[in-house]
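Protein sequences appear in the order of chains A and B.
Residues 0 to 307 (numbering that gives the first Met the number 0) make up the first sequence, in order.
Residues 0 to 274 (numbering that gives the first Met the number 0) make up the second sequence, in order.
Think of the hints as simulated: they come from the structure by calculation, not from any bench.
Note that beta-carbon positions come from the ideal geometry of N, C-alpha and C, so glycine has one too.
Possibly wrong hints are sitting among the right ones.
[As the list claims (entries may be wrong)] PhoX-like cross-link-like pairs, simulated, lysine-lysine; straight-line CA separation at most 20 Å:
1) A:Lys118 to A:Lys53
2) B:Lys31 to A:Lys106
3) A:Lys118 to A:Lys168
4) A:Lys126 to A:Lys106
5) B:Lys184 to B:Lys210
6) B:Lys32 to A:Lys126
7) B:Lys268 to A:Lys53
8) A:Lys118 to A:Lys183
9) A:Lys231 to A:Lys213
10) B:Lys210 to A:Lys106
11) A:Lys111 to A:Lys126
12) A:Lys106 to B:Lys14
13) B:Lys268 to B:Lys184
14) A:Lys65 to B:Lys268
15) A:Lys183 to A:Lys173
16) A:Lys118 to A:Lys181
17) A:Lys53 to A:Lys209
18) A:Lys176 to A:Lys118
[To be verified] Between beta-carbon pairs, the in silico distance windows are:
19) A:Lys106 to B:Arg35: 24 to 30 Å
20) A:Lys173 to B:Ile131: 45 to 51 Å
21) B:Met49 to A:Gly14: 48 to 54 Å
22) B:Glu269 to A:Ala245: 55 to 61 Å
23) B:Arg16 to A:Asp21: 55 to 61 Å
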Amino acid sequence: MTAVIEATSLSRWYGNVLGISDISLEIQPGITALLGPNGAGKSTFMKIITGQLKANLGQVRIYGQKVWNNNQIFHRLGFCPEVDAFYEELNGLEFLSGLLSLYGFRKAECLKLAEQALKIVELQDVKLRPIRSYSRGMRQRLKVAQALAHDPEILILDEPLSGLDPLSKRRLIKLIKELRTKGKTIVVSSHILPEVEAMTSEIILIHHGKILAKGDIYFIRELLDTHPHMIKIKSPQFRELASWLAPEDYILNITFESESQAVIFETHHRDRFFDRLNELVLNSDLNLEEITSPDDNLQAVFDYLVEK
Amino acid sequence: MIISRRFSIIWWKSKMREEILRVFSFYFFLGKKSARTRTFFLVSSVSILMALIIRAYQLAGYWTENGQVIFQNFLMVFFLQFLIVLLGLFYGTSILAEEVEGRTMSYITTRPVRRAALITGKYLAYLSLVSIMLISTVLISYLILNLGRDFRLDDIGTVFRYFIILWLGLAAYMSFFNFLGAWLKKPILVGLAFGFGWESIIQYFPGTTQKLSVAHYLKSLLPQYTSSSGKLGFLFIRLEPTKPGLAVLILIAIILVFLILASLIFSYKEYLFEE
């Protein structure tokens, strides 16, 4: 598949401070999450791929075209900045239609597209209210609306969920997932791992300006064979289960959670563990209530990779 | 080859013009709604209040000169040396500074509009807004100071000439301050020093030094120029005027040169407002 966004050996520094270093990657359609702590270089990367900053070294191409000083690329790209900033004097409809007018749409078309975008982010009821009276959630959704109002193929969303209440977060995650089904390429950054996990499994881990890992979160997890997998099983027979599995050579550690009637196994060989578990379930009256993988999430992968 | 090159130049020009117009309409609308426009409209309206006070003094017999002379002095002191510098400074520097300080830069730099078109369109939008502000206050002040006098056809020409001088001054100051705003992080202080320091002091120096200011060329264009007439004549006693035609050309050159410089800086400079 041809890459939508292609970065080659991107480096950017601010005086003596390193922003990003030697980043090469390809981004395909779908949702890709850019994950890392504050100051990791996510915003620098996003600003370079949206042509707001120039890389000191390397280059970035979108659909094969260079980005820096190529304003025509913005017909195909929408950017949602991290900062909570607006032209506060305007109302939501004026803000969107004003920005749409910069694409060369006629006035009626601007209004139509602005109304559509406001409907998508569920702000049509407050469209005539000044932006300064909007809640944080409304403002965040308005920022997303301005990025998607011209129906671009690529959406770059810098920390779109930051500062939102749980309900607004869920709404926005739903919206981002819907956009993926329409064939869009979405790059979303976050430093909050469960948020990313709720949106996609395709991640780019970035730390100290470098890419630590890239790909499917579960695939990355498999690569980390120096770190054990944790598997939590909830069962009324959790002690028996532990005694049946304890002799196996791939079991590294067993921890009991008596209160919740659960046992946590640590293993280097997840496949062998599950094969044995299947055998036990089939050949005994073992009753399992829940199987989870507490470390099979972004936080665990991230902690392992940065060696916390 | 030549034809295709000419064609591409014409195409580029028309594309650029179209982009400038888009930016112009967006910022003209935004400017109309901004609190700053209301504030500066009030500041400019002070001239009307001052004109009323002067007129009252004139009627009471404390001021003996006719309305034309008083208006010219008023124009010199309030409009030429204060208001257009102030408006040019705050609107000119804000063209980019307000986007940086308001952190809205990414909204405009991620649109399919050239950066040169962005800065030119916004400059023209703000210039138009301030021109409306200026024209209305100048006209009302002129009428107040000349009320009761028989108007002649020449008066329309004179008022029109005042407008042109003020507009050229405003456009030149705004272009220069726009350039400062694109170049410097904190343009206001430098702008204040230039507008109310350098521009005023340099006028008192004889010879060619005074030609290193915008005010010199504006004063050279004033009609019925007298170097020492009126109560405020001392303010322009040292003026050694440039020929009007040349003064106009130099003012136009100042407008264009600084607008082009600001566009170039904006096209290549990165505005790091978050890092």
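Hints, one by one, checked against the model:
The hinted pair formed by A:Lys118 and A:Lys53 fails the criterion: a straight-line CA distance of about 35 Å is larger than 20 Å. Of the supplied pair hints, the one linking B:Lys31 and A:Lys106 holds, its CA atoms being roughly 18 Å apart against a limit of 20 Å. Restraint check: the Cα-Cα separation between A:Lys118 and A:Lys168 comes to about 17 Å, which is no more than 20 Å; the hinted pair holds. Between A:Lys126 and A:Lys106 the CA atoms are separated by roughly 17 Å; this keeps the pair inside 20 Å, and the hint holds.
Using a Cα cut-off of 20 Å, the hinted pair B:Lys184 and B:Lys210 is violated, with the two alpha carbons roughly 28 Å apart. A C-alpha spacing of about 17 Å is found between B:Lys32 and A:Lys126, which places the hinted pair at or below 20 Å, so the restraint holds. Taking the CA atoms of B:Lys268 and A:Lys53, the gap is about 9 Å. The hint holds against a cut of 20 Å. Distance restraint check for A:Lys118 and A:Lys183: the Cα-Cα separation of roughly 19 Å lies within the 20 Å cut-off, and the hinted pair is therefore satisfied.
Between A:Lys231 and A:Lys213 the alpha-carbon distance is near 26 Å, which puts this suggested pair outside the 20 Å criterion. Restraint check for B:Lys210 and A:Lys106: the C-alpha separation of about 46 Å exceeds 20 Å, so the hint is violated. For the suggested pair A:Lys111 and A:Lys126, the alpha carbons sit about 13 Å apart, so the restraint of at most 20 Å is met. With a C-alpha separation of about 18 Å, the suggested pair A:Lys106 and B:Lys14 falls inside the 20 Å cut-off, and the hint holds.
Taking the CA atoms of B:Lys268 and B:Lys184, the gap is near 12 Å; set against the 20 Å cutoff, the hint holds. With a C-alpha separation of about 18 Å, the suggested pair A:Lys65 and B:Lys268 falls inside the 20 Å cut-off, and the hint holds. Restraint check for A:Lys183 and A:Lys173: satisfied, since their Cα atoms lie roughly 14 Å apart, inside the 20 Å limit. For the given pair, A:Lys118 sits about 17 Å from A:Lys181 by alpha-carbon distance, which is consistent with the 20 Å threshold.
Using a Cα cut-off of 20 Å, the hinted pair A:Lys53 and A:Lys209 holds, with the two alpha carbons roughly 17 Å apart. Under the criterion of a C-alpha separation no larger than 20 Å, the hint pairing A:Lys176 with A:Lys118 is consistent with the structure, at around 16 Å. Range check, A:Lys106 to B:Arg35: Cβ separation about 25 Å, and the 24 to 30 Å hint holds. A hinted range of 45 to 51 Å holds for the C-beta pair A:Lys173 and B:Ile131, which are about 47 Å apart.
Distance hint check: the CB atoms of B:Met49 and A:Gly14 are about 50 Å apart, consistent with the given range 48 to 54 Å. Here the CB-CB span from B:Glu269 to A:Ala245 is close to 60 Å, well matched to the stated 55 to 61 Å. Taken as a hint, the range 55 to 61 Å is violated for the pair B:Arg16 and A:Asp21, whose Cβ atoms sit roughly 42 Å apart.
Consistency with the previously given hints fails for numbers 1, 5, 9, 10 and 23, ordered from lowest to highest.
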